[in-house]
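Line by line, the protein sequences are chains A and B. Just so we're on the same page, this note's numbering is the position in the first sequence counted from 1, plus 11. Just so we're on the same page, this note's numbering is the position in the second sequence counted from 1, plus 79.
Fair warning: there could be bad hints in the mix.
Here are the computed lysine-lysine pairs in the DSSO-like style, where the Cα-Cα straight-line distance is at most 27 angstroms [what the hints assert, rightly or not]:
| hint | chain 1 | residue 1 | chain 2 | residue 2 |
| --- | --- | --- | --- | --- |
| 1 | A | K178 | B | K450 |
| 2 | B | K150 | B | K176 |
| 3 | B | K322 | B | K357 |
| 4 | B | K213 | B | K379 |
| 5 | A | K311 | B | K450 |
| 6 | A | K50 | B | K427 |
| 7 | B | K379 | A | K311 |
Pair by pair, the computed Cβ-Cβ distance ranges are [unchecked claim]:
| hint | chain 1 | residue 1 | chain 2 | residue 2 | range |
| --- | --- | --- | --- | --- | --- |
| 8 | B | K488 | A | Q381 | 33 to 43 angstroms |
| 9 | A | T179 | B | G470 | 28 to 38 angstroms |
| 10 | B | P323 | A | R334 | 25 to 35 angstroms |
| 11 | B | T134 | A | R332 | 34 to 44 angstroms |
| 12 | A | R332 | B | N138 | 23 to 33 angstroms |
| 13 | B | A113 | A | S118 | 22 to 32 angstroms |
| 14 | B | T134 | A | E175 | 52 to 62 angstroms |
Quick caveat, the hints were computed from the structure, so don't treat them as lab data. Ideal placement from N, C-alpha and C gives every residue a C-beta, glycine not left out.
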Amino acid sequence: MNRRDFLQYASLLPLAGMVPQGFAAGQRPEQIVLLVELKGGNDGLNTLIPFRDDHYHRARPGIRVKNAIPLKNDMAMNPYLKQLLPLWKEGHMAWIQGVGYANPSRSHFHSIDVWETASPRNNETRGWLTRVLPPRHNAVNGIVLGDNNLGPMGGENSAAVAMEDPKTFLRQTKYLNKQQYHVSNPSLAHMLNVQNHINTAAEQLVRSYNGRNSSVRFPNSRFGRKLAQVTKMIINGMDAPVYKVSLEGFDTHAGQIDQHNNLMNHLGGGLLAFSQAMKQARLWNNVLVVTYSEFGRRAKQNNSGGTDHGAAAAHFALGGRVRGGLYGKQPSLDPHDLHDGDIVHNVDFREVYATLAQRWWRRPNPWRNQHRPVLFV
Amino acid sequence: MVRLNFSDTRHLVARTSLGAEWGGLKGLEGKSRAEAVNILLKPAPMDTPPLPRLTPWSNVDRMRKKNGLGKKRAHKMMKDEGERLKRWWMTHLLHTKAPVNEHMTLFWHNHFTSSLEKVEQPKLIYLQNQLLRKHAIGNFRALIHAIARDPAMLIYLDGSNNVKGSPNENFARELMELFTLGRGHYSEADIKAAALAFTGWGVDRNRGTFRYNPAEHDDRRISFMGRNGSFTGDQIIDIILEKPRVGEHIAEKFWKEFVSDNHPDPRVIRQWGAVFRKSNYNIKALLSEILNSDAFWDEKYRGTLTKSPIDLVVGTLRTLPYPKLSAKELAHISQLLGQDLFDPPTVKGWDGGKAWIDTQTLLVRTSLLNKLTRHSRASGRVQAYLPKATGNDVVDWLLPMPPLLPLPKTPGKLRMVRALILDPAFQLK
Numbered sequence: 012m013n014r015r016d017f018l019q020y021a022s023l024l025p026l027a028g029m030v031p032q033g034f035a036a037g038q039r040p041e042q043i044v045l046l047v048e049l050k051g052g053n054d055g056l057n058t059l060i061p062f063r064d065d066h067y068h069r070a071r072p073g074i075r076v077k078n079a080i081p082l083k084n085d086m087a088m089n090p091y092l093k094q095l096l097p098l099w100k101e102g103h104m105a106w107i108q109g110v111g112y113a114n115p116s117r118s119h120f121h122s123i124d125v126w127e128t129a130s131p132r133n134n135e136t137r138g139w140l141t142r143v144l145p146p147r148h149n150a151v152n153g154i155v156l157g158d159n160n161l162g163p164m165g166g167e168n169s170a171a172v173a174m175e176d177p178k179t180f181l182r183q184t185k186y187l188n189k190q191q192y193h194v195s196n197p198s199l200a201h202m203l204n205v206q207n208h209i210n211t212a213a214e215q216l217v218r219s220y221n222g223r224n225s226s227v228r229f230p231n232s233r234f235g236r237k238l239a240q241v242t243k244m245i246i247n248g249m250d251a252p253v254y255k256v257s258l259e260g261f262d263t264h265a266g267q268i269d270q271h272n273n274l275m276n277h278l279g280g281g282l283l284a285f286s287q288a289m290k291q292a293r294l295w296n297n298v299l300v301v302t303y304s305e306f307g308r309r310a311k312q313n314n315s316g317g318t319d320h321g322a323a324a325a326h327f328a329l330g331g332r333v334r335g336g337l338y339g340k341q342p343s344l345d346p347h348d349l350h351d352g353d354i355v356h357n358v359d360f361r362e363v364y365a366t367l368a369q370r371w372w373r374r375p376n377p378w379r380n381q382h383r384p385v386l387f388v
Numbered sequence: 080m081v082r083l084n085f086s087d088t089r090h091l092v093a094r095t096s097l098g099a100e101w102g103g104l105k106g107l108e109g110k111s112r113a114e115a116v117n118i119l120l121k122p123a124p125m126d127t128p129p130l131p132r133l134t135p136w137s138n139v140d141r142m143r144k145k146n147g148l149g150k151k152r153a154h155k156m157m158k159d160e161g162e163r164l165k166r167w168w169m170t171h172l173l174h175t176k177a178p179v180n181e182h183m184t185l186f187w188h189n190h191f192t193s194s195l196e197k198v199e200q201p202k203l204i205y206l207q208n209q210l211l212r213k214h215a216i217g218n219f220r221a222l223i224h225a226i227a228r229d230p231a232m233l234i235y236l237d238g239s240n241n242v243k244g245s246p247n248e249n250f251a252r253e254l255m256e257l258f259t260l261g262r263g264h265y266s267e268a269d270i271k272a273a274a275l276a277f278t279g280w281g282v283d284r285n286r287g288t289f290r291y292n293p294a295e296h297d298d299r300r301i302s303f304m305g306r307n308g309s310f311t312g313d314q315i316i317d318i319i320l321e322k323p324r325v326g327e328h329i330a331e332k333f334w335k336e337f338v339s340d341n342h343p344d345p346r347v348i349r350q351w352g353a354v355f356r357k358s359n360y361n362i363k364a365l366l367s368e369i370l371n372s373d374a375f376w377d378e379k380y381r382g383t384l385t386k387s388p389i390d391l392v393v394g395t396l397r398t399l400p401y402p403k404l405s406a407k408e409l410a411h412i413s414q415l416l417g418q419d420l421f422d423p424p425t426v427k428g429w430d431g432g433k434a435w436i437d438t439q440t441l442l443v444r445t446s447l448l449n450k451l452t453r454h455s456r457a458s459g460r461v462q463a464y465l466p467k468a469t470g471n472d473v474v475d476w477l478l479p480m481p482p483l484l485p486l487p488k489t490p491g492k493l494r495m496v497r498a499l500i501l502d503p504a505f506q507l508k
């Protein structure tokens, strides 16, 4: 019976001194990131549009965006993102152009893995955020809403929780036992540590679940509801530096115009409401919204009025501390410059991650000199 | 001679089989280690359930080459058939009469990985699975020669794109890094040379068979691991198998699978590797050596391995007659638990061990076990199945260590078994 040690979880104390500022457990972090995954591969070229480039119009006679909103340097924004225009004008929206990686994969599963584990060789199973953020006892590092996949926060030593929604999660966690034990069996210790993370998240969630709602109205869509839930957690002081939501349906192989416009509208409307709620709670300077997607789409439209899996694409960041503008160089659409029909990336996606690590959280950049931050924040 | 007590039999069976039926354990109680291992490794019928209908690739190919819509439909069809194949394997795992062989089939699936996601053709993945099953406790030399010409593997590791003038090193690299030697025991030049030797090995996709095209084979003289000549792929494999390191590499993987997450003692690995090599890579000989070793039975390693999703899902249902969930639901649960059969996450397969447990999977594990052990129409059946035994025997049967949580105070066999299954210790083996 020697394994049955009913001691309190003692390992908590020595670690407490090592926790950096802003990562103390129990209170809302000063720097929060909201990741928005555009599932299916967003057509970057119809999101941030090189509207004065003849190559663009020639490659996409049937699906080119005609009434794009000019932003700067011959680049324009999809008109269905117009709800984000005020943020651009305030200087709180940054576009990072041509984000991707070398030898891109055109497989959804493989490429999203590359993005979320930040390993193009596919030899890493830990998410990139699991590596950037130190694991904490009695606190979670992130919450994934509407998905059972931890994605960028997965893998060994992950301190994140995934849930369809807070209500379902709280129902599931009630089966978990709440005692904490000190055990010498390493597999058992790991399991109990994970259990502790879940219980911590649940405890805090109950608080925010019973807390107040923002008075801002969110669009009545799956995406809008998830953003409303994130908002509720943030304004009620949930201790989590990362939230992740996703918007689905970007795999636009056929008849893409209406489908893509509709998605842009959801994206813009949801994030506008989120920005308003954060501003109202005086937290707009504490949040950073960043989009990502497994890949962009082929430069040329296909024969079904859609686009096939491609490579690099533009992404954007929003937040009160964001330095608005265009970053990176828009990749050339000249057919001679395309690689196998795809635009070639100018910004490695890990440069965006390095920005979050180093400039937003003031954490070490895991890629050091290999991938330097982009100065959008 | 050491005679196995009841707890020993659980240790042996839980780590090598799929679940641990009461009767099976009782049959091994009191035997010597060697006797018990012999019984366990005795051949058993490996018949698999009827295969779901899988559309011939030529039809699929015609469909996807037609137009965009056809391509989309073909993709959907392959995805659906892939899901059916996963259910097929799940059904077999639940019902097979050769659980040790099946445990090893799953082990080799995690060693010679291939995924539906990349290969796309469920039929080829099925053929690979049958190949792994056939050799699961057979001969590793035969297995690796067969895997090198397995159509699914040739697609998964791009061997079919490896042709004269345009070599693809993917298979050659993994052959040495993952399948046989491990990192640090070959050079980049060896990879380049081996890739040339395998040029011309490809797949007839319509027939789903191996095809050697001499016109695509680059037969120039190469230097491989200190040997010079014009080699075939088979000769490359045989040269690799001469290295003592191969036996040790496989022994290390077996250590992790059967003994512990901790680093092994190098002396133990050298010994097991030598036994394996001397037996001409007889997998049964290696298994038998390990299962008879003091390391395997060492108290300090008992109950330190985390059950894989298949151990948990299939093992529990093979151990106790709880309501059988549909194969579809089980395949889905296994996927949620991080072990999506036929779709390992990377070419290295599942990390396993502690990595099986994260915040997401622990909740699914707990919910599943709660659901299974809840009072239901099946409770009477479970009650009737439970042996007349002492509480200690039941603990020894279901857990590798004393329960962490207090046991229920109200008596009742069902309640007791439910408490043991919901105990954190049940997640270990």
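Cross-check of the supplied hints:
For the proposed pair K178(A) and K450(B), the alpha carbon gap of about 18 angstroms is at most 27 angstroms, so the pair holds. Taken as a hint, the K150(B) and K176(B) pair is broken in the structure, with Cα atoms around 40 angstroms apart against an allowance of 27 angstroms. Of the pairs offered as hints, the one joining K322(B) and K357(B) holds, with about 12 angstroms between alpha carbons and a cut-off of 27 angstroms not exceeded. Between K213(B) and K379(B) the CA atoms are separated by roughly 34 angstroms; this puts the pair beyond 27 angstroms, and the hint is violated.
Restraint check: the Cα-Cα separation between K311(A) and K450(B) comes to about 51 angstroms, which exceeds 27 angstroms; the hinted pair is violated. Our distance criterion of 27 angstroms between C-alpha atoms is met by K50(A) and K427(B), whose separation comes to about 26 angstroms. Between K379(B) and K311(A) the alpha-carbon distance is near 62 angstroms, which puts this suggested pair outside the 27 angstroms criterion. About 60 angstroms separates the C-beta atoms of K488(B) and Q381(A), a value inconsistent with the hinted range of 33 to 43 angstroms.
Our hint of 28 to 38 angstroms for T179(A) and G470(B) holds, since their Cβ atoms are close to 36 angstroms apart. In this structure the supplied range 25 to 35 angstroms is violated for P323(B) paired with R334(A), their Cβ-Cβ distance being about 59 angstroms. A beta carbon spacing of about 54 angstroms between T134(B) and R332(A) contradicts the range 34 to 44 angstroms that was offered as a hint. Taking 23 to 33 angstroms as the suggested C-beta distance range, the pair R332(A) and N138(B) does not conform, at roughly 56 angstroms.
A hinted range of 22 to 32 angstroms is violated for the C-beta pair A113(B) and S118(A), which are about 48 angstroms apart. For the pair T134(B) and E175(A), the beta carbons lie near 34 angstroms from each other, so the given range of 52 to 62 angstroms is not met.
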